[in-house]
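Visitor: Listed here are the chains, written in short residue letters.
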Amino acid sequence: MPENAPVWAIVVLPVALAVAAVVTAGFDAVLSGAAGRGHAGGIRRAGRRAATPVREALRLLVQQPRRTTAADRLLGRLGVVLVPVAAVLAGAVLPWGFRAVSDPSVGVVWFNAMEALAWAAVWLAGWGPNSALSLISGYRFLAQGLAYELPHMFALTTAALGAESLRVGDVVAAQEGVWFVVWMPVAFAAYLLSALAMAFWGPFAHPLARDAAGGAAAELAGVDRLVFLGGRWLLLVVTAGFSVPLFLGGGHGPLLPGWAWTLLKTAAVLALLVILRRALPVLRMERYMEAAWMVLVPLTLLQALFVAVVVLNR
Amino acid sequence: MFDDVIFWSLAMLAVAAGVMVFRFDSMARATYALLLSLLCVGGEVLLLGLDYLGVVIVLMMTIEMAIMAVFMVMYMMNPAGLMPMTMIHNKRGAAVICAVVFAALAAGILLTPWPARRGRASADPTMDLGMSLMGPQMLTMMTLGLALFATIVVTVVLATRRGRYDRFGDDLKARTADDPVRGGVGR
Numbered sequence: 156m157p158e159n160a161p162v163w164a165i166v167v168l169p170v171a172l173a174v175a176a177v178v179t180a181g182f183d184a185v186l187s188g189a190a191g192r193g194h195a196g197g198i199r200r201a202g203r204r205a206a207t208p209v210r211e212a213l214r215l216l217v218q219q220p221r222r223t224t225a226a227d228r229l230l231g232r233l234g235v236v237l238v239p240v241a242a243v244l245a246g247a248v249l250p251w252g253f254r255a256v257s258d259p260s261v262g263v264v265w266f267n268a269m270e271a272l273a274w275a276a277v278w279l280a281g282w283g284p285n286s287a288l289s290l291i292s293g294y295r296f297l298a299q300g301l302a303y304e305l306p307h308m309f310a311l312t313t314a315a316l317g318a319e320s321l322r323v324g325d326v327v328a329a330q331e332g333v334w335f336v337v338w339m340p341v342a343f344a345a346y347l348l349s350a351l352a353m354a355f356w357g358p359f360a361h362p363l364a365r366d367a368a369g370g371a372a373a374e375l376a377g378v379d380r381l382v383f384l385g386g387r388w389l390l391l392v393v394t395a396g397f398s399v400p401l402f403l404g405g406g407h408g409p410l411l412p413g414w415a416w417t418l419l420k421t422a423a424v425l426a427l428l429v430i431l432r433r434a435l436p437v438l439r440m441e442r443y444m445e446a447a448w449m450v451l452v453p454l455t456l457l458q459a460l461f462v463a464v465v466v467l468n469r
Numbered sequence: 071m072f073d074d075v076i077f078w079s080l081a082m083l084a085v086a087a088g089v090m091v092f093r094f095d096s097m098a099r100a101t102y103a104l105l106l107s108l109l110c111v112g113g114e115v116l117l118l119g120l121d122y123l124g125v126v127i128v129l130m131m132t133i134e135m136a137i138m139a140v141f142m143v144m145y146m147m148n149p150a151g152l153m154p155m156t157m158i159h160n161k162r163g164a165a166v167i168c169a170v171v172f173a174a175l176a177a178g179i180l181l182t183p184w185p186a187r188r189g190r191a192s193a194d195p196t197m198d199l200g201m202s203l204m205g206p207q208m209l210t211m212m213t214l215g216l217a218l219f220a221t222i223v224v225t226v227v228l229a230t231r232r233g234r235y236d237r238f239g240d241d242l243k244a245r246t247a248d249d250p251v252r253g254g255v256g257r
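Heads up: the protein sequence lines correspond to chains A and B, in order. Positions in the first sequence are counted from 1; adding 155 to them yields our numbering. Positions in the second sequence are counted from 1; adding 70 to them yields our numbering.
Honestly, the hints are just simulated from the structure, not real lab data. Just so it is clear, CB atoms sit at the ideal spot from N, CA and C, and this is done for glycine as well. Among the clues, some could well be false.
[Unchecked claim] With the C-beta cut set under 10 angstroms, the calculated list includes, among others, these residues of chain B facing chain A: (1) 102; (2) 105; (3) 124; (4) 130; (5) 136; (6) 139; (7) 192; (8) 196; (9) 251; (10) 253.
Chain A with its partners taken away, still in its complex shape (with noise of 0.2 angstroms):
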């Protein structure tokens, strides 16, 4: 059933993401808005607040770049780029109903060591402008990093083991009649969480955070801001995006095709994680690390461990 999508898709990959990832931004701001000014009242007023990242991202497209002294500019900028980057040489494992642009035999592993790349970028783009704020943030992810890899690894494995391969294509397979969801609950837990530290966004946004004038981001204006935060939008789009084909069955559902399903699970998911991070305080990450480390991989072990349990004997 997996096969792969014709060649258009892999110049349609990144519109759609791009896409997606506004739709997200302007979800965000409307709720924003709703917090911060009261309710829209109209539905003019809500588009206009829905628009918010549209024109911010116009605004910062024709805003002066900001130079700093004795800035490594090679390295800050390549940090900038690696973050849309690594999220769409992700999104290539990403299948769209049941057709990702790849899938090849080790498509976990790959999604996996692609959205690794953003350990090097946030702390490139920190390093790069000379500026202790910044670098100070770009420290600040490589801790985040080192308290959500660990219980991220093993949902990943996790849903692989359910599967028994490590291709996307054959996880979704594997989904057809329960979800993976359905009995590997703490494992997507799990996952969630790491999608959200791994996009430094919501409640892990601490290495961007106030605290610090903007962490990594501090010293970014104009293009090299809206690359960075733009490419963090699309970073959150495709881990929240992955979730679906390894936890909330691909494309499977009924009467709707699997596209349709593909793109209402991530929808929702995405909403989830929107909403939820309104609920959250923005977390330290020694605080997450203690946590991560005393409560999830042990937790995310036993689930692994009863998976393959199961699979044994099945």
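The hints should help you fit chain B onto chain A, whose structure is shown.
Guide: Showing chain B alone in chain A's frame:
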């Protein structure tokens, strides 16, 4: 043909980036040049058809180098490339050793009577490679893995300055640990 082009481009890039590790005087740049070199090696492994190993090299090396950059910046004399320094010590001796090792390896490659391929490549080369590397010695490998992991844990335990007596008092009876930074689970 296409494979040859990819092989040689990756190989040249890997070597060039490897050279740049010693040319850059910024530790951050040196570390990420090393990462670039290792990513190219990962690409070469992918080219061999060892998909899993290639992607795992990319994954591990990215995380490893991101962490290593922290230590490079911390320990080296010239973290940001603001003061001139060189990565090369004992220049003449190093050059001789490198030349000899390179010559020996190149001679080995050229002089070895490589066998021609018999049969066809297997469907899952990663599995076969794993089996031929450690199939009959699985028990040894697993013991080795545990021993390595235990070594890591022991090293960390020995290196940490604060032990349980610092955290829970001399009689280990304190209800909450006395930590400079409070953790996330309220201990």
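Visitor: Going through the numbered hints above, which ones does this structure break? Give me the numbers in ascending order.
Guide: Of the numbered hints given earlier, the structure breaks just one, which is hint 7.
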